[in-house]
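Given these sequences and hints, build the entire structure.
From first to last, the protein sequence lines stand for chains B and W.
All residue numbers for the first sequence refer to the working numbering, where the first residue is 1 and numbers rise by one.
All residue numbers for the second sequence refer to the working numbering, where the first residue is 1 and numbers rise by one.
Bear in mind the hints are in silico, worked out from the structure with no lab data behind them.
The beta-carbon is built from N, C-alpha and C at its ideal position, and this holds for glycine as well.
If a hint is listed, it holds; no wrong ones were tucked in.
Which bits of chain W does chain B cover? Going by a derived footprint, with three or more residues having C-beta under 8 Å, they are: (1) 100-111; (2) 317-323; (3) 351-357; (4) 364-375; (5) 408-419.
Beta-carbon label-pair distances, calculated as ranges: (6) Pro185/B - His414/W: 50 to 56 Å; (7) Glu320/W - Ala421/B: 18 to 24 Å; (8) Glu26/W - Asn183/B: 32 to 38 Å; (9) Arg416/W - Ala421/B: 41 to 47 Å; (10) Ser46/W - Thr76/B: 35 to 41 Å; (11) Glu26/W - Ala431/B: 54 to 60 Å; (12) Ile72/B - Asp79/W: 46 to 52 Å; (13) Glu269/W - Leu420/B: 18 to 24 Å; (14) Leu25/B - Glu320/W: 28 to 34 Å; (15) Gly338/W - Ile72/B: 37 to 43 Å; (16) Glu336/W - Ile72/B: 30 to 36 Å.
In case you want the letters, here they are:
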Amino acid sequence: MKRLIVFLLTISTLPVISGRAQQRLAPPETLIRNATVLTITHGTLQNTDVLLRNGKIAAIGKNLQASANARIIDGTGKFVMPGIIDCHSHSMLDTINEGTLAVTSMVHTQDVLNTTDVDLYRELAGGVTTLNLLHGSANPIGGLNTVVKIKYGRPASEFLFPGAMPGIKFALGENVKQSSRPNLPGVPRRYPNTRMGVEEVIRDAFTRARDYKRTLDEYRAAVKNDKNAIPPRRDLQLEPLVEILEGKRYVHAHSYVASEILMLINIADEFGFKIKTFQHVLEGYKVAKEIAAHGAGASIFADSWGYKIEAYDAIPYNAAIMTRAGVVVSMNSDSDERARRLNIEAAKAMHWGDLTEEQALKLVTLNPAIQLGIQDRVGSLEVGKDADVVIWNAHPFSVYARVDTTFIDGEVFFDRQQDLARRPELAKERAALEQAEPNRPATRGQSPQTPRRRPSGHEDDDIEVEKP
Amino acid sequence: MRVLVAIVLLAGSVVAQQIGNPTTQEGVTPPRGTFAIRNARIVTVSGPDIENGTVVIRDGKIEAVGANVSVPAGAQTIDGRGLSVYPGMIDAGTNMGLVEVPQGANGTVDTSEVGDLNPNAKAIIAVNPHSAHIPVTRVEGITNTLTAPTGGLISGQAALINLLGTAPKEMAVVPQLALVINYPRITSAGEGFGGQRQQPANLSEALAANERQVEQIRKMLRDAEAYGRAQDAYAKDHSLPHPDHNVVLESLVPYVRGEQPVIFRAEREAEIRGAVKFAEDMKLKPIILGGHDAWKVASLLKQKNVPVILTGVLTLPVREDDDYDTLYANPAKLQEAGVRFCISTGDAGAEVRNLAQYAGMASAFGLSKADALKAVTLYPAQILNVADRLGSIEAGKMANLVITDGDLLEIRTHIRYLLIDGRPVVLTSRHTELNDSFKNRK
Chain B
1 MKRLIVFLLT ISTLPVISGR AQQRLAPPET LIRNATVLTI THGTLQNTDV LLRNGKIAAI
61 GKNLQASANA RIIDGTGKFV MPGIIDCHSH SMLDTINEGT LAVTSMVHTQ DVLNTTDVDL
121 YRELAGGVTT LNLLHGSANP IGGLNTVVKI KYGRPASEFL FPGAMPGIKF ALGENVKQSS
181 RPNLPGVPRR YPNTRMGVEE VIRDAFTRAR DYKRTLDEYR AAVKNDKNAI PPRRDLQLEP
241 LVEILEGKRY VHAHSYVASE ILMLINIADE FGFKIKTFQH VLEGYKVAKE IAAHGAGASI
301 FADSWGYKIE AYDAIPYNAA IMTRAGVVVS MNSDSDERAR RLNIEAAKAM HWGDLTEEQA
361 LKLVTLNPAI QLGIQDRVGS LEVGKDADVV IWNAHPFSVY ARVDTTFIDG EVFFDRQQDL
421 ARRPELAKER AALEQAEPNR PATRGQSPQT PRRRPSGHED DDIEVEKP
Chain W
1 MRVLVAIVLL AGSVVAQQIG NPTTQEGVTP PRGTFAIRNA RIVTVSGPDI ENGTVVIRDG
61 KIEAVGANVS VPAGAQTIDG RGLSVYPGMI DAGTNMGLVE VPQGANGTVD TSEVGDLNPN
121 AKAIIAVNPH SAHIPVTRVE GITNTLTAPT GGLISGQAAL INLLGTAPKE MAVVPQLALV
181 INYPRITSAG EGFGGQRQQP ANLSEALAAN ERQVEQIRKM LRDAEAYGRA QDAYAKDHSL
241 PHPDHNVVLE SLVPYVRGEQ PVIFRAEREA EIRGAVKFAE DMKLKPIILG GHDAWKVASL
301 LKQKNVPVIL TGVLTLPVRE DDDYDTLYAN PAKLQEAGVR FCISTGDAGA EVRNLAQYAG
361 MASAFGLSKA DALKAVTLYP AQILNVADRL GSIEAGKMAN LVITDGDLLE IRTHIRYLLI
421 DGRPVVLTSR HTELNDSFKN RK
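This is the structure in structure tokens:
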């Protein structure tokens, strides 16, 4: 017995070998000195230091002290801002649309993460640190989202944003109706084909979810008294919808025209749940008071318009009108290309609609954090928040500005000087690879096979706009 | 049957009216006036800035520019204190006016004619002066666009337009400025023309297919050259047999004779090299449109003096291992290599209003601020051979001017006044009107 106890004690002290990556060493302490600090929540601080320690913002103030082995960055002339949060992204997803059914709440973007997507690096270079990875807009009720920090180079598990509220993608309008697809003879069309049908799909799904929730609730009550009570058969499609009804899952609803925005608000009110955000919502300015009254946020394009009929009434004053009506507004990209310059997208709300700098900065920091339920950790520069911090060489709202360094949890994930320093070595490596035997064209003219590329940088999931 | 036709026509016209709701100034071309912008900072672009000066405009032209310029009696004055005057911006790579809604409203799309060889498709014919895109764009300080057709191998002829006017004739600065050719891409992944995926071809097959397409263009240009000679011969000597007219070949004659430029859409290195060589062989005056790989072939472009209308400053780098700022830095690299270039959005219409942002980004990555401004004013004017009329604030040029409260390229700047062809343009658009309608909705 004693030997058994000793044995058990011994093995319990051995390091646990788990399937996860080894615990990483804490990143070095970093002190950014004498910068202009855009805190978002406490104004703009001149000639101020920011101390990053153990992955958090440890201090913000003047003449801060750091430990002896800290990395000191001279922030004179630089601007420090929280990492940008992109509320509508399809980066690092091998596929985005399970478009075969109108309700695909059982599919999860987390199952198709591709950490090697180079556009992640390009987004880091644009000062973005967090992404809301959404299912596409093929279905009235789409798949589940994944909120990630862009820890490019790490395994997928390290990307997942700790504690982010789970969410789901809904979509309304032309993409869902497949209105741009031609009617082919003999090829059945997927329901719905009109905005009437879009409503009915959602109504039907929530009606079934409500009934399913009732059986779940009955089981939960019954099992308290009888542990042999038989649980209802699991329904993976309805479970996320029950979570919505119970306030445990956020709804992010792609929408364009005023009629469908109001339609979804009415359904949500009827079934007793809240829409967390409308996405795109380019006619949101027409129904701003209704959106505000419901309590939904809006995640929009700054100024894209006219690419399809439902975007024809889009105006770049959308952010300003909705902000003034009390809606929490964020600017998003829905594009790996646009995600690199969300700083200017936010600034556009000062040009069109005259939002203040403070209001405009929130559009890509605190507001998207609120929309994703992560505002306790990110979205502003405050002591105790995650060290997701970006150093810019000019005010981020200047078209001439450029990112110097991007930190996530206090670690450098992009640095322009490091990037420049690596270029000669990478150029040599490329030249060597081009000369290597397997990469030479075969004598008979066969070209080397290249992997199929997913088209990137396109608008709104599946629109390919013809370029001149 | 007639009732049915009438109903269909009525339905079509209802849709047509819904798109492009008339704005207040649509049917009215403001008259040319005599204006003086006084006490403003004048950014001439062609010379040093004038910190406190006056611009006098009369009969559609800039009459005088300087620190001490007398104001003509009766001139309407604009108080320029605290404001800056710039030449209107020019985007040389658009389809402005040819498409209203690209997806879902095919009736509004007039960019691409059917067939591969359409040199006689003239963009100016189809430009819609009442497109909502036009006021939306000009209120941001873009006064001119080159509007080009797309599609096929020879797309048609591009037009340089003022973004003001109630009819194409009023808008046209140069109605047929350039021929537009899509230089054929070598697609070794087996992508057929038009983007259909076929079986992966091998390289020699792809090269052969590419050469066949180039030969199609070459043959038509040679036919046009011969046609031109035949017409000229007959004109000199009516005893010769009368050669029939051919609208297609007729339209090509000025271009094959090198009298007017030929724009080659070419983005990748292989196409740029191919286009430059083709133009040299056929004795054409080439301009490259696109030029994403132009930095790679800068010395060739410099040596052959081929200018580039650079689109793609805000496009993702194509190759995974390209530097993250490859396309941001493209303009700066060309400037350093001495290649002539200008910056364009490369957009069909809706995004053209952001032209300043493209220039600004180029400056964030190496291009000087002064050169970034030139890249959207004087350089496009020079490349399109209209620098005698546009691109800078100099006496004698067209009065296309934008007056701002700050740096024209910065997004936080506001436009205060706009003049096109010496006519004052009201700063309203479909977007300002929708804003006014809804901003106070309670």
